[in-house]
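For the sequence shown, the residue numbers in this note's numbering are 582 to 740.
The set of hints was computed from the structure by calculation and includes no laboratory data.
It cannot be assumed that every hint is accurate.
[Unchecked claim] Each computed DSS-like pair below joins lysine-lysine, with the alpha-carbon atoms no more than 25 Å apart: (1) Lys633 with Lys586; (2) Lys732 with Lys633; (3) Lys685 with Lys586; (4) Lys685 with Lys633.
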Amino acid sequence: AAMKKYTIAFSAFLLLIFTTMLIYTALSPDFVPPVSIRQQADLSEDNPIWDKTLDDLADYFVEEQVLPNTEYNILVAGNATDARLYSGVELYWWDLEYLTPEDKLFKNYQNGLENGFIQWTEQYRIIVEIRGPFAVGYYGTYAGDVDKMLKAFRDYCRE
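Based on the provided sequences and hints, a complete structural model is requested.
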């Protein structure tokens with residue numbers, strides 16, 4: 582008889598857990614799709630950042646003394662619409678108006694937004710910070726102050 586009591590109590594306990602889970606699931610917010618590209622990172626849709634280019638960003642970096650000059654090398658295509666290496670800092674720009682969700686470039690952008698990196702090859706990923714249409718990445722090759730550079734990037738994209 583004692584066993585039967587335990588079985589009933591245990592069954593009631595399991596039922597309670599199951600019911601709690603159902604209620605919790607019912608009350609949980611539905612899956613929320615990621616914010617529209619043009620609303621991320623507290624950037625309004627009419628923020629001037631959406632009309633800026635890598636040249637503008639590089640000029641600003643030189644003004645802020647984050648880059649010594651605006652000389653750059655083109656980075657391998659296929660990661661962003663425009664990708665350049667300036668004195669150890671990688672700058673990326675995506676032409677979001679013309680990219681479709683099927684584009685590899687757009688997938689890189691989304692991956693950068695969601696995970697903080699662009700998967701370049703199987704073995705190699707580029708750590709990036711994305712704001713608006715821009716991303717910044719840096720290697721150990723950047724001689725400057727990384728925190729200062731990232732702050733300049735965030736400030737520029739907040740304009």
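Can you list which hints this structure breaks, lowest number first? 1 and 3
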